[in-house]
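> Listed here are the chains, written in short residue letters.
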Amino acid sequence: MDTRIQVIAIAGSGLLLLIVLELVRRKAFLERYALLWLLSGIVLLGLSIWQGVLEVVADLAGIVYPPNALFLVAFGFVLVLLLHFSLAVSRLSDQSKVLAQRLALVEQRLEETDRRARRGQRRVGTSSELDSLNEAPDLASPAARK
Amino acid sequence: MTVLPQLEGSVGIHSSVRAENTYLAVVPAYNEQETVGRVIGSLHEHAPDFDVLVIDDGSTDTTREVGRAAGATVVRHPFNLGIGGAVQSGFVYASERGYDYMVQVDGDGQHCADQIPKLRREMETDRRVDMVCGSRFLTKEREYPAPVSRRTGIHIFAFMLSRIIGQRVSDPTSGFRLYNRRAIALFARDYPHDYPEVEAVLMVHHHRLRMTEVPVRMRERGGGVSSIGSGKSVYYMIKVLFAILIGLARARPVPEPGEEAPVAASQAL
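Residue numbers (my numbering), protein chains in the order written: chain A, 793 to 938; chain F, 2 to 270.
With the rest of the complex left out, here is chain A (with noise of 0.2 Å):
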């Protein structure tokens, strides 16, 4: 195999494999998506050091040109990748969505409490002779003596 290639290969997914470290060690990366980045990385790193490996790939593949085993092996990684992320969105979108309508809920909730409530202020306010007599002869109900 070409050298040239093989310099392209092992400098790109030496950095593709960088980048993400540095990324997990800032914390911009939640462990869980960083795995499968570390992962292909890895891999492609690994391939494109050892030549061998890649050309038994290619063998199996039947593939002529070893090098090109190389970038069917990312291409599936891009796919799995982007599998993985469309999973991810269905389940934030579908997380916000539920989060959407219980605010919405809680919301109209609490309006209605607080609405309540000021009704019930001014008609306390308005019987209070009314509030002091109900509450003893509450107390003294035949439910609460038993």
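Think of the hints as simulated: they come from the structure by calculation, not from any bench.
Everything numeric in this text was worked out from a predicted model, so none of it was measured.
Positions of the beta carbon are idealized from the N, C-alpha and C atoms, including for glycine.
Errors might be hidden in some of the hints.
Taking CB as the label site, the calculated pair distances span [claimed, not checked]:
(1) F:N81 with A:A826: 28 to 34 Å
(2) F:R152 with A:L895: 35 to 41 Å
(3) F:A250 with A:I834: 34 to 40 Å
(4) A:I811 with F:R152: 52 to 58 Å
In silico lysine-lysine, DSS-like type, Cα no more than 30 Å apart, as pairs [what the hints assert, rightly or not]:
(5) A:K889 with F:K233
(6) A:K819 with A:K889
(7) F:K240 with A:K889
Based on the hints, put chain F in the right spot on chain A.
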């Protein structure tokens, strides 16, 4: 609130013991300020037993204020979730508040409130029915004005669904529906995201609930823009067809407590 129990009862706030059924009308509305007020008004007029809940699905106009002013309770989504998410908020509200029946009435005014008693009568005559759908295609009058392309699409869905669920469905895209507690509970848990009506029919079937249709009149839209524009209709057809086919391949859901046992289980051994 326990301070003045007598007063509260006499003022007529929902007392804790109810003998009668409770009804909720859910009006999903996205930028429907022109029509939502009229819809609420006609609900109050023709279906006075129904509490009216408007789901303002992240409108950018005054839908919320108009709804409030017309005397409805308004739940406002922080952003637009689409018709499925909006209606599902209605189901969640209904199930949390323990409503016995819920009717869905579009905010654009195409569903006529004076047809609700028809749905209700059907629900009351057949106790086993969990969902009553208003159908545009069962009337002899044939006055529903829809472009041929849309009618064709609807008939294709109707044909497929009828085959799958083994019961004639004439108008699977109609959102004018009355649900009982079981249907409310099901859809509060799980309701399709966009263009939900057709899939909901399948869900009802898979969960072994029963549905039926009654002929209703529908009006032309009173204003606003349909959620299904011409450009989106192709996507709509494909998405719903895909949902129907995937639905066939989906594992039968485990019956919930209180639901009828699956046929296979009752025949086993």
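> A separate judgement is required for each hint: does it hold in the structure or not?
Against the structure, the hints:
no.: 1; hint: F:N81 with A:A826: 28 to 34 Å; result: holds (33 Å)
no.: 2; hint: F:R152 with A:L895: 35 to 41 Å; result: holds (39 Å)
no.: 3; hint: F:A250 with A:I834: 34 to 40 Å; result: holds (37 Å)
no.: 4; hint: A:I811 with F:R152: 52 to 58 Å; result: holds (55 Å)
no.: 5; hint: A:K889 with F:K233; result: holds (22 Å)
no.: 6; hint: A:K819 with A:K889; result: holds (27 Å)
no.: 7; hint: F:K240 with A:K889; result: holds (20 Å)
Hint compliance for this structure: every hint is met.
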